[in-house]
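Participant: In order, the protein sequences belong to chains L and E.
With my numbering, you'll find the first sequence wraps up at 194, consecutive numbering, no jumps.
With my numbering, you'll find the second sequence wraps up at 1152, consecutive numbering, no jumps.
To be clear, the hints were calculated from the coordinates, so they are not data collected in a lab.
Among the hints, erroneous ones may be present.
What the hints assert, rightly or not - No more than 30 Å apart at the CA atoms, straight line, and that leaves these computed lysine-lysine pairs for DSBU-like:
(1) Lys144/L <-> Lys1100/E
(2) Lys144/L <-> Lys1112/E
(3) Lys1086/E <-> Lys145/L
(4) Lys1025/E <-> Lys145/L
(5) Lys144/L <-> Lys1025/E
Claimed, not checked - Okay, the calculated bits of chain E under chain L, using three or more residues with CB under 8 Å as the criterion:
(6) 1038-1052
(7) 1055-1066
(8) 1120-1130
Just so it is clear, CB atoms sit at the ideal spot from N, CA and C, and this is done for glycine as well.
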Amino acid sequence: MRRRILWLAVLVSWVAVGGLALYVTNSPPKLQPATLGGPFALTDMTGRPVTEASLLGKPTAIFFGFTYCPEVCPTTLTELTAAMKALGKDADRLNVVFVSVDPERDTPEQMRLYLSNFDRRIVGYTGTPEAIARAAKAYRVYYKKIPTEGGDYTVDHSSAVYLFDRKGRFVAPIGYGEPHARVVEALRNLARTG
Amino acid sequence: MIRQTLPLIAIAALAACSAPAGPSKVTVADLWCRAAPVGAPAGGCYVTLTASANDRLVAVETTAADHGEIHTMEMDGGVMRMRPLKDGIDLPAGEAVALKPGGMHLMIIAPKATLAAGGSVPLTLRFAKAEPLTLSAPIRQVGAAMGGMEHH
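Between the sequences and the hints, there should be enough to build the whole structure, so can you do that?
Facilitator: Spelled out as structure tokens, the structure:
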């Protein structure tokens, strides 16, 4: 009986989160894991160590990308910047974090320079390749280094922004390409209720 | 002397007929580069190309950056994938081929100066058949909406 209830709970939560993901991102029906986020040990852009505990107490919007990315990352950061401006004071109640999936090129200095273009409240995290791999795994973020000609490489990566409440519990994703009004609404809800 | 130079002139004349005038001419529309954040190690440029005969965009060069590449980008279940197009881009005769946000683009790696809106980027497009084109691409700021209008 207990087991059955547990399974039912698992099923319900998967359907709920999956349905939410579907509703929010308009993406193909793909179940989102109910457990997202977890322990990490990274470095912020001033070189200070940060962990999952650094984000507790405030709701968080977090996404993974890299500064070499010409379109998805600057577009997402531009959108978040515009949304935070629209939120006004409410934006102060959020952590907004950009985590690099290209730690070899994205040093804390590079992250600081790159993020200086956007809302000052957006912070950048980077770390060793191993630490980034662990963090990406915790957040179930897919990324893969793809070699290109001349020893260069590009990085495939998940594009969604993930929202967490102040206790670090996953709330919802914001898909790439969401209309501005919906991004603002999602962040405002998070700031006021998360 | 005259006997020796005549065939050369003939060859030169032939070459003049076949190469520079070319079997293909490429027309360019909607050329622009995306303004990039300060410190961005790469930038994207977009263009619509129409070739008069079957041709291929094989390379992009710029003096404004370390080098240029031709890429494609796609969103696959929320994952952004970008790949260099080693063989360039096919330009079928008379067909407008659009390089635009969310898809094929020109990527300029390691810009020498920040790609700021209002500026421009000199680009040389090289083709399999047509003469190379050197153009100035205006730099434009892209609005805040993620992914632009074409997403939905």
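Participant: Does each hint hold? Answer for all of them.
Facilitator: Checked hints:
1. With a CA separation close to 24 Å, the supplied pair Lys144/L and Lys1100/E stays within the 30 Å bound.
2. Straight-line distance between C-alpha atoms of Lys144/L and Lys1112/E comes to about 27 Å, which keeps the hinted pair within the 30 Å bound.
3. Distance restraint check for Lys1086/E and Lys145/L: the Cα-Cα separation of roughly 18 Å lies within the 30 Å cut-off, and the hinted pair is therefore satisfied.
4. Annotation: proposed proximity of Lys1025/E to Lys145/L is violated, straight-line Cα distance about 38 Å (limit 30 Å).
5. Using a Cα cut-off of 30 Å, the hinted pair Lys144/L and Lys1025/E is violated, with the two alpha carbons roughly 39 Å apart.
6. Given as covered by chain L, the region 1038-1052 of chain E passes the check, having 7 residues with a CB less than 8 Å from a CB of that chain where 3 are the minimum.
7. With 0 residues carrying a beta carbon less than 8 Å from a beta carbon of chain L, the region 1055-1066 of chain E misses the three-residue requirement, and the given coverage is violated.
8. Only when three residues or more bring their CB closer than 8 Å to a CB of chain L does the claim for the region 1120-1130 of chain E stand; here the count is 0, and the claim is violated.
Comparing the model with each earlier hint shows violations of hints 4, 5, 7, 8; every other hint is respected.
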